[in-house]
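*Asks:* Line order of the protein sequences matches chains A and B. For my numbering, add 872 to where a residue sits in the first sequence, where the first one is 1. For my numbering, add 872 to where a residue sits in the second sequence, where the first one is 1.
Everything labelled a hint here was simulated from the structure, so no lab data went into it. All of these numbers come straight from a predicted model, not from anything done at the bench. Just to be clear, a hint being listed does not mean it is correct.
In this list, chains with the same sequence are indistinguishable; a pair is considered to hold if it fits within one copy or across any two.
To be verified - SDA-like cross-link-like pairs, simulated, lysine to any residue; straight-line CA separation at most 20 Å:
(1) 902 to 941
(2) 907 to 940
(3) 902 to 950
(4) 937 to 926
(5) 961 to 939
(6) 907 to 939
Number of protein chains: 2
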Amino acid sequence: MTDENIVYIGRKPAMNYVLAVVTQFNSGSKEVVVKARGRAISRAVDVAEIVRNRFVPEAEIKDIKIATEPVEEEGRTANVSSIEIYLEKP
Amino acid sequence: MTDENIVYIGRKPAMNYVLAVVTQFNSGSKEVVVKARGRAISRAVDVAEIVRNRFVPEAEIKDIKIATEPVEEEGRTANVSSIEIYLEKP
């Protein structure tokens, strides 16, 4: 899978990222990965759910992975949780 | 599985819930489910990761489910995302 199938969730409203995921599917992608770290994790779940419930009902959640990533912050290293939600269109 | 194996994540610091999960495992539970809704979802992922990385290294993430739940709020119904993280000790 190439990088273009990944949608990184940031601080914008969820609908911005929903649009990005839907656009990926509409351009022919069979799989789109929604990725987020820290407090954006809740928004990533919102994005996946809105995509499935409102825009791409045939999309399935193939896998969900969680992990811990080290992040450099003001000279010290902190750990932040991350999530990857794999959405697939059969 | 009985209700006592579910840890609901709220607005307290993550370590409070980490302690609850660790206590469940130490009292003999083989599976503990970490549940959260809305903005607490990020904290649920933190809790699962801290439990695995620091306190119960043999615990595995057996499954992660996400869903959308209707919530009554000031007379109207809003949708909120939810997560269930299934932790299992082999």
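*Asks:* So, for every hint listed, does it hold in this structure?
*Replies:* Status of the hints after comparison with the structure:
no.	hint	result
1	902 to 941	neither (27 Å within a copy, 27 Å between copies)
2	907 to 940	both (13 Å within a copy, 19 Å between copies)
3	902 to 950	neither (35 Å within a copy, 30 Å between copies)
4	937 to 926	between (23 Å within a copy, 18 Å between copies)
5	961 to 939	between (24 Å within a copy, 18 Å between copies)
6	907 to 939	both (11 Å within a copy, 17 Å between copies)
Hint check: violations occur at hints 1, 3; the rest are consistent with the structure.
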